[in-house]
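Peer 1: Residue-level listing of the chains:
Protein chains: 2
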Amino acid sequence: MGLQDEPGQNPVNPVNPVKKMNRRERIRANRQQSPLLKRPFSQPFSPLAPLDLLSPPQIEQLHEASLHILENIGLDFFDDEALAIWQQAGAKVDHASRHVWPDRGLIMEAIAHAPSQFTWRARNPAHSVVVGGNALTFGPCGGMVYATDLDKGRRPGVQADYENLLRLTQICPVIHFGPWGQTEMHDVDVNTRHLHRLHAGIRLTDKALMEAAHGRIITSDNLEMARILFGSLDGDPVIGDVVNVNSPLRYDDRMLGGLITYARAGQATFITPFILAGAMSPVTMAAAIAQQNAEALAGVALTQLVRPGAPVIYGGFTTNTDLKSGSPAFGTPEGAWALLVGGQLARYYKLPYRSSGSLTNANVPDAQAAYETAWTMWPAVLAHSNLMMHAIGWLESGLTASFEKFVIDAENLAMFATFLESFTVSPETLALEMIAEVGPGGHHFGTSHTQARYRDAFYQSELAERVGFESWQGAGGQDALQRANGMWKSWLQQYERPPLDEAVAEELNDFIARREVELAGVDVYG
Amino acid sequence: MGLQDEPGQNPVNPVNPVKKMNRRERIRANRQQSPLLKRPFSQPFSPLAPLDLLSPPQIEQLHEASLHILENIGLDFFDDEALAIWQQAGAKVDHASRHVWPDRGLIMEAIAHAPSQFTWRARNPAHSVVVGGNALTFGPCGGMVYATDLDKGRRPGVQADYENLLRLTQICPVIHFGPWGQTEMHDVDVNTRHLHRLHAGIRLTDKALMEAAHGRIITSDNLEMARILFGSLDGDPVIGDVVNVNSPLRYDDRMLGGLITYARAGQATFITPFILAGAMSPVTMAAAIAQQNAEALAGVALTQLVRPGAPVIYGGFTTNTDLKSGSPAFGTPEGAWALLVGGQLARYYKLPYRSSGSLTNANVPDAQAAYETAWTMWPAVLAHSNLMMHAIGWLESGLTASFEKFVIDAENLAMFATFLESFTVSPETLALEMIAEVGPGGHHFGTSHTQARYRDAFYQSELAERVGFESWQGAGGQDALQRANGMWKSWLQQYERPPLDEAVAEELNDFIARREVELAGVDVYG
Chain A
1 MGLQDEPGQN PVNPVNPVKK MNRRERIRAN RQQSPLLKRP FSQPFSPLAP LDLLSPPQIE
61 QLHEASLHIL ENIGLDFFDD EALAIWQQAG AKVDHASRHV WPDRGLIMEA IAHAPSQFTW
121 RARNPAHSVV VGGNALTFGP CGGMVYATDL DKGRRPGVQA DYENLLRLTQ ICPVIHFGPW
181 GQTEMHDVDV NTRHLHRLHA GIRLTDKALM EAAHGRIITS DNLEMARILF GSLDGDPVIG
241 DVVNVNSPLR YDDRMLGGLI TYARAGQATF ITPFILAGAM SPVTMAAAIA QQNAEALAGV
301 ALTQLVRPGA PVIYGGFTTN TDLKSGSPAF GTPEGAWALL VGGQLARYYK LPYRSSGSLT
361 NANVPDAQAA YETAWTMWPA VLAHSNLMMH AIGWLESGLT ASFEKFVIDA ENLAMFATFL
421 ESFTVSPETL ALEMIAEVGP GGHHFGTSHT QARYRDAFYQ SELAERVGFE SWQGAGGQDA
481 LQRANGMWKS WLQQYERPPL DEAVAEELND FIARREVELA GVDVYG
Chain W
1 MGLQDEPGQN PVNPVNPVKK MNRRERIRAN RQQSPLLKRP FSQPFSPLAP LDLLSPPQIE
61 QLHEASLHIL ENIGLDFFDD EALAIWQQAG AKVDHASRHV WPDRGLIMEA IAHAPSQFTW
121 RARNPAHSVV VGGNALTFGP CGGMVYATDL DKGRRPGVQA DYENLLRLTQ ICPVIHFGPW
181 GQTEMHDVDV NTRHLHRLHA GIRLTDKALM EAAHGRIITS DNLEMARILF GSLDGDPVIG
241 DVVNVNSPLR YDDRMLGGLI TYARAGQATF ITPFILAGAM SPVTMAAAIA QQNAEALAGV
301 ALTQLVRPGA PVIYGGFTTN TDLKSGSPAF GTPEGAWALL VGGQLARYYK LPYRSSGSLT
361 NANVPDAQAA YETAWTMWPA VLAHSNLMMH AIGWLESGLT ASFEKFVIDA ENLAMFATFL
421 ESFTVSPETL ALEMIAEVGP GGHHFGTSHT QARYRDAFYQ SELAERVGFE SWQGAGGQDA
481 LQRANGMWKS WLQQYERPPL DEAVAEELND FIARREVELA GVDVYG
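Just so you know, the sequences run in chain order A and W.
All letters in the first sequence, in the order written, are residues 1 to 526 by this note's numbering.
All letters in the second sequence, in the order written, are residues 1 to 526 by this note's numbering.
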């Protein structure tokens, strides 16, 4: 029983089967062996109505509570320029306590300038993505301290780890953006790390770029490198990053410097309060989400006061505290609520929505890691996350990038991409004549209808084991983690560096060399 | 950092702390240590709109295609009484080929008699459940051949395994029904296995009963045991089971005998085509689902011709074939489509919906097992599965019941139950005065609002590991599978057998003793 792919899959040169293939030809032929890698790069557009957890009156209640927080409680803005911008816009500002009470009119008028959708350009135009509406994008984990894999174990990340994660980010067609800190580069000087991190992202990938929105020095360097790469920063954004709120109710100088510099240059900011209910907000989820909303609205409004129309994304990163350990709890029912309601609020304000995808507390890519990831990805997809960050590779509460989990999460993202394609109902796919022809008790393996379609009929998994227990055990009995280990190494072998214009490469090298000298001894976070 | 539960949780007798507790008191006190076991038994009622994958016109297309199949292609019914019932109802019947072509008028009129909702009574009235509407129920895996756990490995199931799985079914408050073949009892004679299986279910649990709808002999025995237990079979149903279709387009004698016997007694049937697209139906999912629908409608209609108003559930078990191995592929995007659209069709016909929950091909409870399970449970929940069978413990394409996966799946069901409770938005939960009081940069750990609520604020996991890497490693570095192993053994220790009236117990014993003699040498599947 069972259809088999045709035997004899050893790659041969399709033009001249006798001629030995060169490396690049071998790579391309091999890639055809990975169902996941041979997928085209394409964004999912959800055919589903976004899933609403709360009713419209409940969303109104959260909105009203947020406006109350903004008007009556207010937020700290630890940056003089930010305070001046608020003051000029008419907000009540106390410069001594660096505190702002923006009123509802100011907030709502400001956010009305923000685009509900924009294009995020990549240096390879085929990798540019739409952010907004029912378009989804998936990105890798970022901000990780450690890297881990089954061979070398867990260690502080270094540039070589980062570069391998970038290669996987590039080759994996279900990742739509995101060279950023997949893992920290501890072997690179802190002072110039941002330069080398972005440079690695530019050299090794051609997808849409993220790089730290940290203060004015780093972001100005990032903008200059982006300008070199794209020729100009005019038009749709080419770089972006997260602006986190120091919840409760505080934007610090580092984040505000980044927000103002990026927004002024027309680049994308992802305004994201990080709230653990019970720690940075009251323990009740309604309060946590109302506070998230107030904080996010303030940041979004500020980007529009800096530059009306600047691309900005409403972000949420709210979950509960584990009240036994005091740690963040990831992949929880409460986190799922926050993911869904965050999407409802973003849509209420007609803003693109940023969430996260592969969050887990697990210390190894085991069943807990997989189910907590599912508890994040499913609501994130159902909430129409226009930007799903941390959708791949995240382990250990965000401390560690796992090469094996990268593969497991990639598999799931490819499944979501397939799921969101839905299926066609038509006379051809209903195939009533085949049902009649095969009749009761027959089987459809050998029919012309099946034969014509079976190769591409279904999602093909590279990771899932579908053979019976005895065959599986006889072949070594590897679990998903062990199989994933083989896969990422195979994927790395199939990586090809995207071409980069030589003059651009040289200009980037020159800029970095100059900045390395200039930044010696400078506090880049100042 | 972090709130701690109060120290000193060693159980003491609450009435007289000095007096040593007896076994039952110790069990009860211990159970308070398991966040999952101390949950109340309660059904989830989904606050979400059911998730529609297809548009209403597409559902109409599937409906029309199904009627075409019924009227023009027809189905085999390998049972003389079933053929007579169809003929009496006016269907076109060919007795030689045992084939029926029911027309749309007959089908639609018959299914209109089926209740859209009913109560499934358990012998403990607190465990009776509603089947229909937005009510969900979760049940254990069934029909498994093997049992497995980390201690003893995989082996053909025996009565002792089955009884332990029943104990877990009973104690686990997120399981709402279902003593049935959690694993086969290979050490019990086939001839009387159904008697001892149901007897074990009655003795060890007090939840709603399933038992094989296999032929007339077995189902009559089941009905007699149910009558002994409940006094009478009048009123809402007290027993039910799956009636599978031998897809494509065939009901065999065993299933028809079961269907007719249960329906006539007013007991519940779950009509479920088992379709692997590409094998039992055309390879296209539209065809697979149209065929599923035709087959299910025929079975549902037959129950209503037997007894108008008999409780019946529209079931789907459609996924794709893995075209590399010829095996069923579980936890796939295509399976998720079928789960969602099955729910849409059941609602179209105003019938309760049966799906499945923890399906996977994995041979061990690893990351694959967890994510494939999520790929089944999430769409099953979103489709408003009124009866989610196989929601717990399923491994290895349905061959094996895993004790560890039982725990992992239970954890997920408890998370879904919590998720579906949603949360309250009110002045109290918005807690604006606490947000003001704590202010920017503060923290909410110690506030009166948090202190008053933290014990029950969030879902508490028994399985999830949320401590940091070093602490976890220092404590042995167990993965989820190893932790689950400890948990099911602890749960078994906390099991208490539900009381059973002595006269009833005696009558059941007498019945079984008598039937053991009568069934010697009888082909119970005849």
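By construction, these hints were calculated from the structure, which means they are not laboratory data.
There could be a bad hint or two in this list.
It does not matter which identical chain is meant; a pair holds if it fits inside one copy or across any two.
Computed list of lysine-lysine pairs in BS3-like fashion (alpha-carbon distance at most 30 Å, straight line) [to be verified]:
#1 Lys324 x Lys38
#2 Lys489 x Lys324
#3 Lys324 x Lys92
Peer 1: With reference to the structure, classify each hint as holding or not holding.
Peer 2: Okay, the hints, checked on the actual structure:
| no. | hint | in the structure |
| --- | --- | --- |
| 1 | Lys324 x Lys38 | between (45 Å within a copy, 17 Å between copies) |
| 2 | Lys489 x Lys324 | between (38 Å within a copy, 23 Å between copies) |
| 3 | Lys324 x Lys92 | neither (40 Å within a copy, 67 Å between copies) |
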